[in-house]
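**Student:** Below, each chain spelled out in residue letters.
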Amino acid sequence: MSKDGFALQMQGVRKVYPMADQEVVALDGIEMDVAEDEIVALVGPSGSGKTTLCTIAGGILTPTDGRVRVGGEDITDYSAKKLTEFRRTRVGFVFQAVNLVPFLTARENLLVVDELGPTGRSRSDARRRADQLLEELGLADRANNLPGQLSGGQKQRVAIGRALMNSPELVMFDEPTSALDSKLGDQVVHLIRDEMKQRGTSAIIVTHDERITHYADRTVHITDGRITDHEYAAAAVG
Amino acid sequence: MRLALRELRRQPGRFAVATVTLTLIAILLMFLGGLLDGLLQSATGAYRAQPGQLIVYSDTANDTLAGSRIDGDLRVQVEDAVGGAGVVGGIGELTLGARVDGGDERELESVALRGYEIAPAGLPDAAPALREVWADPDLAETYEAGQTLLLGPGRSEVTVAGFLDDSATPSLGGLWASLDTWRAVLAESRPGSAMGEETVQGLVVVLEDEAAAADVAAAIDGANPTRTLTIDDAVLAIPGVEAQNSTFGQIIGVTLAIALVVVALFFALLTVERLSLYAVLKAMGAKTRTIFAGVVVQALAVTLIAAAIGVAMTIGAGQSIPAGSLPFAVEPARLAISVGFMALAAVVGSAFSLRRVARIDPAEAIGGN
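These protein sequence lines are chains L and S, in that order.
Read left to right, the first sequence gives residues 1 to 238 (my numbering).
Read left to right, the second sequence gives residues 239 to 607 (my numbering).
In case anyone wonders, no lab produced these hints; they're calculated from the structure.
All of these numbers come straight from a predicted model, not from anything done at the bench.
No residue lacks a Cβ here, since even glycine has one placed at the ideal position from N, Cα and C.
Be a bit skeptical, because a hint or two may be false.
For lysine to aspartate or glutamate, the following EDC-like pairs were computed, each having C-alpha atoms within a straight-line distance of at most 16 angstroms [claimed, not checked]:
1) S:525 with L:115
2) L:197 with L:37
3) S:525 with L:36
4) L:197 with L:36
5) S:525 with S:599
6) L:197 with L:136
7) L:81 with S:599
8) L:197 with L:217
9) L:183 with L:210
Stretches of chain L that chain S covers, calculated by requiring three or more beta carbons in the stretch to come under 8 angstroms of a beta carbon on chain S [to be verified]:
10) 54-61
11) 85-94
12) 104-115
Listed next, with one range per pair, are the computed distances between beta-carbon atoms [what the hints assert, rightly or not]:
13) S:597 with L:72: 26 to 34 angstroms
14) L:14 with S:258: 29 to 37 angstroms
15) L:122 with S:468: 53 to 61 angstroms
16) L:65 with S:510: 31 to 39 angstroms
17) S:514 with L:136: 23 to 31 angstroms
18) S:596 with L:89: 17 to 25 angstroms
19) S:252 with L:31: 33 to 41 angstroms
Construct the complete structure from the given sequences, taking the supplied hints into account.
**Tutor:** This is the structure we're talking about:
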């Protein structure tokens, strides 16, 4: 964890995309801190800049202006190569379509993180970590199942396990409930909250789903690339 | 890379079309190579079998045995020019029809009667007795040892002393005899071309290990009305050989180009199918290099499986084609080169996906794109 107590700090972040003869401002003057252990729901209409904010926080894109620190590490000026390594070792992602590798078992989907490049641990350590995560996620008996043999909720849990494999400071969730029915969506939201809180891991959840905002410690509203409101939960639902 | 190999193992169906197509290409490629080698063997085997490094023709022979005459005096001069650098032996060749004595008159087999002094590869050291011949292994389908053959219009009688070992001779359709037998048959079949007692069509020069072939050839031709070629050059000078090589070479080249296109198209298509997966892997920290290496490994693996089937089928064809029915030869070097070129085509073909892999934006993994 960082010395300053923040998993993410964004200061004056601006992102501009060149588009033909003009520029499109996707983010403008973003000031946002995410404390360790904090779960932030990022909400806003389509095209408001949620995804751009998430990709900058996760080291996929770099800002045009401003500074970004993740776990105390300033990643603003990182090269593409360094960002690739940063993503592999410091942050986790759970994608909207889950996107598990279809020909890998649940355990192998977790281990894939270690196969993408050096992570500083041995294969046996990685396997131990994967088995431990699967156990904690209630998937120990599904470790050798392919994604096609898992239910929607189980797949989502494998995806969370994969995001946690590198013990990240920050996990980005991209619309984690959009493809799920309300019952399963509820289970997944519970699961995300439990897993993040249990590990003291911070999370940013991009969502349109009102249920998530009830489980988040804070809801950040974003419109036209600007943060319009920070809404703190009085007491998050447990 | 392990990821790529696991996909091959667990989803072989995805690669079935490419594997089948490349297998057919591999079989075609190797079968063409076998045909080329078979044709070359039948056309040039007698030269390749010669124990020497140089062949001496008379200078007006256009580098062919048929037009060459070297009499006894010229031979002595050539031997003088070679000096202690090697030994010299006469050769002669005559193509004619052969019938079995007492057999059907219409059963005519085209054979090459070859006279020699220094035993070519696969032949016993001592030349056969007068009117006796060693036959190439493919002729064992037609003749038997001890049988008397009638050669040419002169019905010259020769007896088959035996057959050469299949693995030791690279020649096809040849009868090997002493120079005396060859001269006798030549005189009886083509009286107008009869040669004197010491005359041969060409001389084979077997060099001492340390002698430089080019220097000896220059010494021979500098002092005599001769043209001296290395065995390789003599083979290429055989009418049609160079054209045959070039034609087959072009067909083989086109086949390899098709293999390259198949690999390129197939893996480009597969890459397009996997864009979202690759975007996710990149978002998780995969390098372009790692993803592209996986594509290359899969292309190589599929191609090597196809090539292995091609090799097995070609070896099977080589064993099942009856000797003498089709000019077909299985050369390990040819198979190895074919596999090597196919592997190269796989790497080059898969490289067409590199640009697409490099352009995948990990940001596409976010936002439900």
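**Student:** Would you mind marking each hint as holding or not holding in the structure?
**Tutor:** Consistency of the hints with the structure:
no.	hint	result
1	S:525 with L:115	11 angstroms, holds
2	L:197 with L:37	6 angstroms, holds
3	S:525 with L:36	29 angstroms, violated
4	L:197 with L:36	10 angstroms, holds
5	S:525 with S:599	11 angstroms, holds
6	L:197 with L:136	13 angstroms, holds
7	L:81 with S:599	13 angstroms, holds
8	L:197 with L:217	11 angstroms, holds
9	L:183 with L:210	14 angstroms, holds
10	54-61	holds (count 5)
11	85-94	holds (count 6)
12	104-115	holds (count 5)
13	S:597 with L:72: 26 to 34 angstroms	33 angstroms, holds
14	L:14 with S:258: 29 to 37 angstroms	54 angstroms, violated
15	L:122 with S:468: 53 to 61 angstroms	60 angstroms, holds
16	L:65 with S:510: 31 to 39 angstroms	35 angstroms, holds
17	S:514 with L:136: 23 to 31 angstroms	28 angstroms, holds
18	S:596 with L:89: 17 to 25 angstroms	22 angstroms, holds
19	S:252 with L:31: 33 to 41 angstroms	48 angstroms, violated
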